[in-house]
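Novice: Chains as they are written, first to last, in the numbering used here: chain A, 297 to 343; chain B, 3 to 355; chain C, -13 to 301; chain D, 10 to 290.
Bear in mind the hints are in silico, worked out from the structure with no lab data behind them.
Do not rely on the hints blindly, as some may be mistaken.
Stated by the list, open to error - Listed below are the simulated PhoX-like cross-link pairs for lysine-lysine, each with C-alpha atoms no more than 20 Å apart in a straight line:
| hint | chain 1 | residue 1 | chain 2 | residue 2 |
| --- | --- | --- | --- | --- |
| 1 | C | K265 | C | K178 |
| 2 | A | K327 | C | K178 |
| 3 | B | K120 | D | K48 |
| 4 | D | K153 | D | K178 |
| 5 | D | K230 | D | K288 |
| 6 | A | K314 | C | K301 |
| 7 | A | K327 | C | K301 |
| 8 | B | K194 | B | K10 |
| 9 | C | K77 | B | K295 |
| 10 | C | K127 | C | K96 |
| 11 | D | K288 | B | K295 |
| 12 | D | K87 | D | K31 |
| 13 | B | K31 | C | K96 |
| 14 | D | K288 | B | K313 |
| 15 | B | K7 | B | K179 |
| 16 | D | K48 | B | K85 |
| 17 | B | K85 | B | K120 |
| 18 | D | K64 | B | K85 |
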Amino acid sequence: MEPGRLQFSWISSAESTKFVDVVNQVTAEVKALGPNQTFLTTKAKVA
Amino acid sequence: MKIVKIDKKTWAAGIEKLTASYRLFGPVKEGDFHNFKELGSGEAPDLDCLNTRLSAKAIIYPQSENMFEYSLDESREDHHILKEVDTDYSPRAVIGIRPCDAKAFELVGLNFDTSEYKDPYWIKAREATTLIGLACSSPGSNCFCTTAGCGPFHEDGLDALVVDTGDHFLAKILTEKGEQLFAAAGWKQEAKAAGKQIEALKQEAEAKIASSVNTDNLSALDTTQLYNASFWEDVSFSCINCGTCTFVCPTCWCFDIQDETHGNSGVRMRNWDSCMYPLFTLHGTGHNPRGTKLHRVRQRFMHKLKYYVDKYDAGIQCVGCGRCVRSCPVNIDIRRVCELMNSFDSEKDTCAA
Amino acid sequence: MLSYIDKIKEISSRLLKDGTVDMIIGFRRGTVPMMNEPHFAKTTGDVEQLVWDSNCGINLANYLANRTEKIGIIAKGCDSRNIVTHIIENKIKREQLTIIGVPCKGMIDKRRINAMFDGEILQVAENGNTITVSGDGFEKKLEKDDMLQQNCRLCIHRNPVIYDELVAEQVEEQQDIDRYADIREIEALPPKEKESYFTDLFSACIRCYACRNACPLCYCPTCFVDESRPQWVGKSQDPADIKTFHFLRAYHCAGRCTDCGSCERVCPVGINMRILTRKLEKDSFELFGWEAGLSMDVRPPLDTYKPGDPDDFIK
Amino acid sequence: MQNPYLPYPVRIDDITIETEDKNLKTFRFVFLNPEDENKFDYQAGQFAELSVTGKGEIPIGIASSPTEKGFVMFTVNKVGLVSSHLHAMQAGDIMGIRGPLGNWYPWEQLEGKNVVIIGGGFAFTTLRSSIIYMLDPANRSRFKDIHVIYGARSPGMLLYWDELSQWEKRDDINMHITVDGTDDPNWKYNTGFVPTITEQKAPPADKDTYAIICGPPIMIKFTQPVLDKLGYSHDKIIMSLENRMKCGIGMCGRCNIGEQFVCKDGPVFTLEQLNQTPKEY
Chain A
297 MEPGRLQFSW
307 ISSAESTKFV
317 DVVNQVTAEV
327 KALGPNQTFL
337 TTKAKVA
Chain B
3 MKIVKIDKKT
13 WAAGIEKLTA
23 SYRLFGPVKE
33 GDFHNFKELG
43 SGEAPDLDCL
53 NTRLSAKAII
63 YPQSENMFEY
73 SLDESREDHH
83 ILKEVDTDYS
93 PRAVIGIRPC
103 DAKAFELVGL
113 NFDTSEYKDP
123 YWIKAREATT
133 LIGLACSSPG
143 SNCFCTTAGC
153 GPFHEDGLDA
163 LVVDTGDHFL
173 AKILTEKGEQ
183 LFAAAGWKQE
193 AKAAGKQIEA
203 LKQEAEAKIA
213 SSVNTDNLSA
223 LDTTQLYNAS
233 FWEDVSFSCI
243 NCGTCTFVCP
253 TCWCFDIQDE
263 THGNSGVRMR
273 NWDSCMYPLF
283 TLHGTGHNPR
293 GTKLHRVRQR
303 FMHKLKYYVD
313 KYDAGIQCVG
323 CGRCVRSCPV
333 NIDIRRVCEL
343 MNSFDSEKDT
353 CAA
Chain C
-13 MLSYIDKIKE
-3 ISSRLLKDGT
7 VDMIIGFRRG
17 TVPMMNEPHF
27 AKTTGDVEQL
37 VWDSNCGINL
47 ANYLANRTEK
57 IGIIAKGCDS
67 RNIVTHIIEN
77 KIKREQLTII
87 GVPCKGMIDK
97 RRINAMFDGE
107 ILQVAENGNT
117 ITVSGDGFEK
127 KLEKDDMLQQ
137 NCRLCIHRNP
147 VIYDELVAEQ
157 VEEQQDIDRY
167 ADIREIEALP
177 PKEKESYFTD
187 LFSACIRCYA
197 CRNACPLCYC
207 PTCFVDESRP
217 QWVGKSQDPA
227 DIKTFHFLRA
237 YHCAGRCTDC
247 GSCERVCPVG
257 INMRILTRKL
267 EKDSFELFGW
277 EAGLSMDVRP
287 PLDTYKPGDP
297 DDFIK
Chain D
10 MQNPYLPYPV
20 RIDDITIETE
30 DKNLKTFRFV
40 FLNPEDENKF
50 DYQAGQFAEL
60 SVTGKGEIPI
70 GIASSPTEKG
80 FVMFTVNKVG
90 LVSSHLHAMQ
100 AGDIMGIRGP
110 LGNWYPWEQL
120 EGKNVVIIGG
130 GFAFTTLRSS
140 IIYMLDPANR
150 SRFKDIHVIY
160 GARSPGMLLY
170 WDELSQWEKR
180 DDINMHITVD
190 GTDDPNWKYN
200 TGFVPTITEQ
210 KAPPADKDTY
220 AIICGPPIMI
230 KFTQPVLDKL
240 GYSHDKIIMS
250 LENRMKCGIG
260 MCGRCNIGEQ
270 FVCKDGPVFT
280 LEQLNQTPKE
290 Y
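One chain only, chain A, in its complex shape (with noise of 0.2 Å):
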């Protein structure tokens, strides 16, 4: 997986502008990384 798909924070929850900002930056980040293209499934072959 690409380095910023998957993220921690800390955020206490009397910390509401906080949460506002790491969520709105986490979307646009992993926004731009586009769609995921690893581990999708595919379905079952016929052989």
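With chain A fixed as given, assemble chains B, C and D onto it according to the hints.
Specialist: Only chains B, C and D this time, still in chain A's reference frame:
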């Protein structure tokens, strides 16, 4: 029965010609092992391999196979209704299959092709397949085919048997399908008198089989007494209940059926399953009739060496290819278990082995 | 290590005779070269079947989970560390066990030796540090030290960490081993290349689960791959499902794996899944200074919290 | 080639909650293609695979009788993945049924005989099918006395209550309904476990009397000695087994007891047959 001589120089060209009318499969070396693969153009089967790591069963009976497809999209007329999938059943040929693997298809056929029910996936694939066997002139040390109802030159299940004489190949054409394939390859130089030579090579090869099993007593044994024999604890102790033995075995046929949905569409597929797994027999209630590894190990050997013997009267459900012996992570050896079973004496509950 | 067997038999017989244990778990001679079979002895007669040589690579701690008997178990360094882990995780009680420690000089790599020869190997004999491999028309002598399984080459805990009996003098531990050179190489790959590396690594997997089942750590009553409600992983041969299985299993072994090498040894298709467990082992060591199974008195890092635990990954 | 894995498409016509714990529901299905109903030609005692598209299949005994036309009926206990999903489905939903599968109670052999039906809990489904079948005016004269001993934990756990009370009123069937216990002062039937009631009410064994038993393992375990005591020979004790199944046609390999497949060679076996196979059920 016709015998054809193939000049080794014309072998590759013949194989190349076959690609026009067949999908070809054959043993190919991958890393340290050989395996059956669909051959690409210009790719030749590697006839130098002792035997493949996995058997040829996946060519007819893939590890994962789609059975039906469906849509869950309710705007479609046919939503939630299963439809058969398109499967390529065009002619395919396996070049260089060993006689044990070919014979295994005959044993497995007794399960999939019955008078009451016919498994269409297995039967159509089997019918589409021509099997060109390669006789074993130097069998492996764990091969015990000659006492498992098979042999290094065994012909059951094959459409033709190719024998490497050193400077050329001799091929016994055994069926109509074999005839057609040889015509398509352009191999037609008859060698009428070569029967004797093949017979001599066959005896030479059979004499090289150093390993054996005794099965003469199995059908006479009482099922429940054998089931309750005390040796199962010893046999099963080391088993880790992986599926290796069942997956490498050419005669193991058990499967699971699963639905897999992606978005609004999906497939009903079947996957190889194994009697070694607890999940195989687990009831919805949590009850498991084969809840311990002793149960499961016993099931595998009882199935192959007793139930099958009694049910079909066609010998044991084993062709002696030796794969499970070589691949078992903890070295549980079917030859040893067979001996324990065959020499079982309920009076003493001890075994000669 | 061949000389160990007399001592193993002597101790085993004594323990069975005086009733200290109900059974001894060890190995008996296999039926194919370079294979021994895990085996239990309940009588002094059974003890005669026990063997010890460089083909005892299966981790016997795997046979302990949830057993109720009094057991004598033959344990190499790695086995003993997994016994410690079992005790910590309540899979067996220390009082049930009499640990017969074996100072280990490593197990030989059967796959590598098989690959060295074109013909079929019919016999492998061991004498001191010499391994004699023979087959139809060939015989070759190899140095055992050159033929060890990778995990044994990298091993820094050859002596049992707990034992009640020891079959020989302790062996010298290997020094200055760089355990993670190959892991660092993979860590350095860009994501795309890493992905294709793992896709190749697991492409031969047949999902037999031998790696999981040979692992002493994998004792869950229902493994996540077998769970149907919810079904976490698809059951087909889809590469994504196969990789999911291997990755998740490795994570479940984090901070617990002793790199005994059983998983790789038992794989019928020769996959080195230890790449994954060793990455996590490396992380456990670098982040927490932790090596699994060395002590019964310290809780593993993943079931304790310390204020100083590294948390750089949290933004 | 007929594909034995392909279910007939059906529509759920009606769903009835059977028990007070709501864990058992009866589903009535109608075939989407009317000609499929003729192909689904079954006998009392057989089962079918209910196919919930996207989830999988479950083997369930057929609760309707071949004498009932225009629909088929199954009573399903909510246990696993498929049955839970089925319980959440609505009338009108489309799914599949595959069958009929397995063997059936030996109706030809039972002709001219007394039949004692012993059932417990939710294993009464194929027994309902059998009772309806035998009570059909066209069939009733083919059998002698019919006894039914049916028990559940409590009155609210008995299946098919309306029908049970109707059968109670008839004189061509001897009903012995029982519950393990109840605090309902108006309960006018038996109280006690099935084995006890069997001992009290079952007719004595003779060469013309057969017992059909279907119920949880614990009930079977304790009823069998009672039948032994009453003198029933093991070839006259007929049982229906359950095992995990997938294919239902003897191919996938998991449901065997010895060389017999419960799905294809069973599910109906005599106790005499079962005595000769490993008890892996």
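Novice: Would you mind marking each hint as holding or not holding in the structure?
Specialist: Checked hints:
For the hint linking K265 (chain C) to K178 (chain C), the alpha-carbon distance of about 18 Å falls within 20 Å, and the restraint holds. With a CA separation close to 18 Å, the supplied pair K327 (chain A) and K178 (chain C) stays within the 20 Å bound. Distance restraint check for K120 (chain B) and K48 (chain D): the Cα-Cα separation of roughly 17 Å lies within the 20 Å cut-off, and the hinted pair is therefore satisfied. About 18 Å separates the Cα atoms of K153 (chain D) and K178 (chain D), which keeps this hinted pair within 20 Å; it holds.
A distance of roughly 12 Å separates the Cα atoms of K230 (chain D) and K288 (chain D); the hinted pair therefore holds under the 20 Å criterion. For the hint linking K314 (chain A) to K301 (chain C), the alpha-carbon distance of about 11 Å falls within 20 Å, and the restraint holds. Between the alpha carbons of K327 (chain A) and K301 (chain C) the distance comes to roughly 19 Å, so the proposed pair stays at or under 20 Å and holds. Straight-line distance between C-alpha atoms of K194 (chain B) and K10 (chain B) comes to about 18 Å, which keeps the hinted pair within the 20 Å bound.
Proximity of K77 (chain C) to K295 (chain B) is assessed by CA-CA distance (about 18 Å); at most 20 Å being required, the pair is judged to hold. Distance check on the hinted pair: K127 (chain C) and K96 (chain C) sit about 15 Å apart at the alpha-carbon level, within 20 Å; holds. Of the supplied pair hints, the one linking K288 (chain D) and K295 (chain B) holds, its CA atoms being roughly 16 Å apart against a limit of 20 Å. For the hint linking K87 (chain D) to K31 (chain D), the alpha-carbon distance of about 9 Å falls within 20 Å, and the restraint holds.
For the hint linking K31 (chain B) to K96 (chain C), the alpha-carbon distance of about 19 Å falls within 20 Å, and the restraint holds. Distance check on the hinted pair: K288 (chain D) and K313 (chain B) sit about 18 Å apart at the alpha-carbon level, within 20 Å; holds. Distance check on the hinted pair: K7 (chain B) and K179 (chain B) sit about 18 Å apart at the alpha-carbon level, within 20 Å; holds. About 18 Å separates the Cα atoms of K48 (chain D) and K85 (chain B), which keeps this hinted pair within 20 Å; it holds.
Between K85 (chain B) and K120 (chain B), the direct Cα distance comes to roughly 18 Å. Compliance with the 20 Å bound is thereby established for this hinted pair. Under the criterion of a C-alpha separation no larger than 20 Å, the hint pairing K64 (chain D) with K85 (chain B) is consistent with the structure, at around 15 Å.
Violation of the numbered hints given earlier is absent; every hint is satisfied by the structure.
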